[in-house]
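Colleague: Chain by chain, the residues run as shown.
Number of protein chains: 2
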Amino acid sequence: MELSDRKTKILEAIIKNYLETGEPVGSRTISKYEDMNLSSATIRNEMSDLEEMGYILQPHTSAGRIPSDKGYRFYVDRMMADREKEVSDMHEMVVQKADQLSELLKQVAKLLASNTNYAAMISSPQIHRNKLKFIQLSKVEENTILAVIVVEGNILKNKMISTDQPLDDDTILKLNLLLNTHLNGLSLEEINLGLITLMKEQAGIHSDVVGSVIDAVADAIKADENLEIYTSGANNIFKYPELADNSKASEIINVLEEKNQLSELVSDSLSKLNEGEENEEHGIQVYIGSESPFESMKDCSVVTATYELEEGMRGMMSIIGPKRMDYLKVAKTLKTLQEQLDTLYKKKQE
Amino acid sequence: MELSDRKTKILEAIIKNYLETGEPVGSRTISKYEDMNLSSATIRNEMSDLEEMGYILQPHTSAGRIPSDKGYRFYVDRMMADREKEVSDMHEMVVQKADQLSELLKQVAKLLASNTNYAAMISSPQIHRNKLKFIQLSKVEENTILAVIVVEGNILKNKMISTDQPLDDDTILKLNLLLNTHLNGLSLEEINLGLITLMKEQAGIHSDVVGSVIDAVADAIKADENLEIYTSGANNIFKYPELADNSKASEIINVLEEKNQLSELVSDSLSKLNEGEENEEHGIQVYIGSESPFESMKDCSVVTATYELEEGMRGMMSIIGPKRMDYLKVAKTLKTLQEQLDTLYKKKQE
DNA sequence: ATTAGCACTCGATTTTGATGAGTGCTAACA
DNA sequence: TGTTAGCACTCATCAAAATCGAGTGCTAAT
Numbered sequence: 001m002e003l004s005d006r007k008t009k010i011l012e013a014i015i016k017n018y019l020e021t022g023e024p025v026g027s028r029t030i031s032k033y034e035d036m037n038l039s040s041a042t043i044r045n046e047m048s049d050l051e052e053m054g055y056i057l058q059p060h061t062s063a064g065r066i067p068s069d070k071g072y073r074f075y076v077d078r079m080m081a082d083r084e085k086e087v088s089d090m091h092e093m094v095v096q097k098a099d100q101l102s103e104l105l106k107q108v109a110k111l112l113a114s115n116t117n118y119a120a121m122i123s124s125p126q127i128h129r130n131k132l133k134f135i136q137l138s139k140v141e142e143n144t145i146l147a148v149i150v151v152e153g154n155i156l157k158n159k160m161i162s163t164d165q166p167l168d169d170d171t172i173l174k175l176n177l178l179l180n181t182h183l184n185g186l187s188l189e190e191i192n193l194g195l196i197t198l199m200k201e202q203a204g205i206h207s208d209v210v211g212s213v214i215d216a217v218a219d220a221i222k223a224d225e226n227l228e229i230y231t232s233g234a235n236n237i238f239k240y241p242e243l244a245d246n247s248k249a250s251e252i253i254n255v256l257e258e259k260n261q262l263s264e265l266v267s268d269s270l271s272k273l274n275e276g277e278e279n280e281e282h283g284i285q286v287y288i289g290s291e292s293p294f295e296s297m298k299d300c301s302v303v304t305a306t307y308e309l310e311e312g313m314r315g316m317m318s319i320i321g322p323k324r325m326d327y328l329k330v331a332k333t334l335k336t337l338q339e340q341l342d343t344l345y346k347k348k349q350e
Numbered sequence: 001m002e003l004s005d006r007k008t009k010i011l012e013a014i015i016k017n018y019l020e021t022g023e024p025v026g027s028r029t030i031s032k033y034e035d036m037n038l039s040s041a042t043i044r045n046e047m048s049d050l051e052e053m054g055y056i057l058q059p060h061t062s063a064g065r066i067p068s069d070k071g072y073r074f075y076v077d078r079m080m081a082d083r084e085k086e087v088s089d090m091h092e093m094v095v096q097k098a099d100q101l102s103e104l105l106k107q108v109a110k111l112l113a114s115n116t117n118y119a120a121m122i123s124s125p126q127i128h129r130n131k132l133k134f135i136q137l138s139k140v141e142e143n144t145i146l147a148v149i150v151v152e153g154n155i156l157k158n159k160m161i162s163t164d165q166p167l168d169d170d171t172i173l174k175l176n177l178l179l180n181t182h183l184n185g186l187s188l189e190e191i192n193l194g195l196i197t198l199m200k201e202q203a204g205i206h207s208d209v210v211g212s213v214i215d216a217v218a219d220a221i222k223a224d225e226n227l228e229i230y231t232s233g234a235n236n237i238f239k240y241p242e243l244a245d246n247s248k249a250s251e252i253i254n255v256l257e258e259k260n261q262l263s264e265l266v267s268d269s270l271s272k273l274n275e276g277e278e279n280e281e282h283g284i285q286v287y288i289g290s291e292s293p294f295e296s297m298k299d300c301s302v303v304t305a306t307y308e309l310e311e312g313m314r315g316m317m318s319i320i321g322p323k324r325m326d327y328l329k330v331a332k333t334l335k336t337l338q339e340q341l342d343t344l345y346k347k348k349q350e
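Each protein sequence line maps, in turn, to chains A and B. First residue of the first sequence? That's 1 in my numbering, and the numbers climb one at a time after it. First residue of the second sequence? That's 1 in my numbering, and the numbers climb one at a time after it.
Among the hints, a few may not be true.
Pairs involving identical chains hold if they fit within one copy or between any two copies, as the list cannot separate such chains.
For lysine to any residue, the following SDA-like pairs were computed, each having C-alpha atoms within a straight-line distance of at most 25 Å [unchecked claim]: (1) K9 / H60; (2) K97 / V209; (3) K97 / E264; (4) K97 / T144; (5) K133 / G153; (6) K133 / D99; (7) K139 / S102; (8) K97 / T163; (9) K174 / A220; (10) K139 / A98; (11) K159 / V95; (12) K97 / A216; (13) K97 / M313.
I should point out that these hints are in silico values taken from the structure, not numbers from a laboratory. Here the structure is a predicted model, which means the values were calculated and not measured.
Please put together the full structure from these sequences, using the hints given.
Modeller: Shown next as structure tokens:
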């Protein structure tokens with residue numbers, strides 16, 4: 001069966017009503033709409049068809065209908081197509097300049113959550129494609145060396161390195177030179193074992209101690225590839241009865257708190273994004289119910305967007321809410337922040 | 001009225017039973033205990049007294065009794081006094097050496113939560129009494145300078161400083177010298193406006209640009225005085241029906257997520273601790289119900305402990321659970337981690 | 001001082017019935 | 001042939017009523 005115009009109209013009416021109320025919607029309610037000059041009986045027939053086609057379902061006999069995942073999917077796809085039509089009110093969202101990237105991201109997470117009334121998360125950007133800009137070792141204590149590594153985008157990594165024997169200033173100077181000449185300008189992922197051994201050989205005489213320092217620096221460069229995740233608004237889920245149920249809430253909160261799951265997911269989908277086809281629609285993706293990446297989120301919808309601070313520095317943010325979330329508003333919020341991050345960061349750099 | 005031996009015994013029995021079951025406990029239950037050779041009627045009389053004295057209360061007529069806050073307080077004080085008597089089973093808790101302090105603390109938070117089945121938090125240590133060890137400015141880009149500040153305990157602070165005009169290498173060298181000679185060895189709280197202006201004067205000629213760099217460094221030193229808070233196990237609260245109620249759960253989760261409230265609290269009580277009388281009992285504090293620092297936690301108990309990584313580097317950790325939490329186990333868990341942090345950190349330093 | 005016994009209370013659980021929103025189907029209608 | 005009025009039926013929800021039982025307080029006997 002095809003989706004006739006009338007069916008579409010009815011389906012849309014059902015979904016919209018359900019988004020607002022969260023209650024199953026019946027034929028009578030729909031028939032009373034102004035531009036719907038049909039009796040409830042006719043609506044019922046159409047609804048019956050829509051149910052057969054899988055767009056809506058009945059929680060139980062003699063209840064109204066609610067959208068199925070397929071129904072939401074239809075609605076979301078349609079809405080995304082002509083999103084300009086509708087304007088939902090948005091608060092002003094202003095991202096304040098922040099000193100540290102982590103502060104900025106925390107702020108964004110908070111903004112996302114407070115503007116949408118759903119739970120939000122944002123990941124730090126991936127940087128393994130970024131180029132190394134600058135390495136500096138300095139002696140902090142007799143047996144302790146501090147390594148500071150600066151990456152494109154002015155991302156910092158530090159590491160304290162304890163050595164078995166003290167290193168004299170001259171050696172440190174040479175090491176600095178060695179590291180910078182070999183590594184500067186390379187992207188993080190280009191730095192491999194081969195390079196490390198090469199450097200160790202060139203360091204020559206000093207053998208052991210120097211070798212271990214080089215290893216430690218390499219570690220610092222490679223480490224921390226797991227993205228940081230910032231979340232906010234977890235308690236918003238209590239606002240939606242269909243999620244506030246104990247076991248569901250517990251699971252959702254767990255996912256938000258156990259950030260490593262999220263972290264993996266983000267890095268997976270980011271790397272797919274890097275290789276694969278670009279996603280139009282500003283990379284906004286909607287996962288409805290069972291489409292969602294987590295088993296424990298089968299009663300939620302997850303809307304994700306990528307952001308890009310500068311070439312290759314991509315991160316992900318997402319909103320987690322009930323299936324009947326205000327997709328339009330969420331998409332807009334995400335887009336707004338995408339843009340703000342973009343411009344803000346470029347300003348900061350200049 | 002005095003607490004007779006028998007009353008004490010009964011009270012203790014009531015509390016213990018309630019800690020396990022979470023249900024009001026009646027006279028009959030108690031009378032059946034092995035070493036309690038009394039009829040339920042006698043117990044009832046005693047219970048009636050205990051209620052009058054405020055140690056227990058009835059949720060409603062014809063229900064059993066539950067401990068009041070005063071009852072818990074009695075139990076906790078008593079338990080703390082002779083805690084060695086009882087041995088509750090504890091999992092092995094091993095804190096893995098971690099590269100970054102933040103990783104270590106996250107790990108500890110997780111351990112706390114998973115061992116106790118309550119929610120846990122830990123703050124980063126306060127460092128404003130720590131002495132400055134080392135400052136280094138380096139040029140990263142034409143108009144960008146990186147300041148790295150190392151504090152006793154090898155805590156790092158960094159800041160990227162954008163300048164209006166480029167600074168030449170020589171000036172940077174001089175600035176490094178200036179900063180280090182003036183500030184090294186001072187504790188963070190000793191660095192004040194006077195010192196800053198003094199340095200600016202000595203920098204002399206270079207005026208503007210140099211001045212702003214010094215300001216930026218001073219900022220970096222002073223900033224970030226708000227402690228980081230790491231939480232874990234928020235979803236554990238759903239295991240306790242008396243907290244799993246929607247509105248309560250929401251509030252608790254909110255406090256755990258809005259870390260700045262916690263942060264303030266921690267820094268308050270730490271500074272009190274620094275000035276005031278030392279708390280024996282390894283600084284383990286129990287807040288029962290309404291004694292607790294947050295209005296929204298009036299149905300919880302909060303057990304806090306301070307830890308000390310090295311002289312003056314103190315932080316706080318705490319467990320948040322229902323009033324009927326297993327105080328003994330919690331206290332032990334906290335103490336164990338206190339000790340582990342202590343030894344681990346000292347090893348790491350050596 | 002202790003306890004057995006009993007009446008009484010009151011939350012929790014189950015039962016029952018009424019209500020009403022909503023459906024599916026059928027027959028009449030345009 | 002598409003639309004609709006009408007009706008029997010379903011079933012969640014709600015409230016009132018009935019039942020249950022854990023627990024108490026009191027009294028009188030030991």
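Colleague: Checking K97 and T163: alpha-carbon separation at most 25 Å within a copy, between copies, both or neither?
Modeller: between (39 Å within a copy, 17 Å between copies)
Colleague: Pop the pair K97 and A216 into one bin, within, between, both or neither, using alpha-carbon distances up to 25 Å.
Modeller: between (33 Å within a copy, 15 Å between copies)
Colleague: Are the CA atoms of K97 and T144 at most 25 Å apart within a copy, between copies, both, or neither?
Modeller: Answer is between; shortest inter-copy Cα gap is 17 Å, intra-copy 35 Å.
Colleague: Quick one: K97 to M313, C-alpha cut-off 25 Å, is that within a copy, between copies, both, or neither?
Modeller: within (18 Å within a copy, 31 Å between copies)
Colleague: For K133 and D99, with the copy left unspecified, which applies at a CA distance of at most 25 Å: within, between, both, or neither?
Modeller: Both ways: K133 and D99 sit 19 Å apart in one copy and 23 Å across, limit 25 Å.
Colleague: State whether the alpha carbon distance between K139 and S102 is at most 25 Å within one copy, between copies, both, or neither.
Modeller: between (27 Å within a copy, 22 Å between copies)
Colleague: Give the relationship of K97 and V209 under a CA distance limit of 25 Å: within one copy only, between copies only, both, or neither.
Modeller: between (42 Å within a copy, 21 Å between copies)
Colleague: Reference check for the pair K9 and H60, CA-CA at most 25 Å: within, between, both, or neither?
Modeller: Within one copy only: 24 Å inside, 55 Å across.
Colleague: Between K133 and G153, at a C-alpha cutoff of 25 Å, which is it: within one copy, between copies, both, or neither?
Modeller: For K133 and G153, only the intra-copy Cα distance (9 Å) is at most 25 Å; the inter-copy one is 28 Å.
Colleague: Is it within a copy, between copies, both, or neither that the alpha carbon of K97 lies no farther than 25 Å from that of E264?
Modeller: between (28 Å within a copy, 23 Å between copies)
Colleague: At most 25 Å between alpha carbons: which applies to K174 and A220, within, between, both or neither?
Modeller: For K174 and A220, only the intra-copy Cα distance (19 Å) is at most 25 Å; the inter-copy one is 30 Å.
Colleague: Within a copy, between copies, both or neither: where do K159 and V95 come within 25 Å Cα-Cα?
Modeller: between (30 Å within a copy, 20 Å between copies)
In summary, this structure violates none of the numbered hints.
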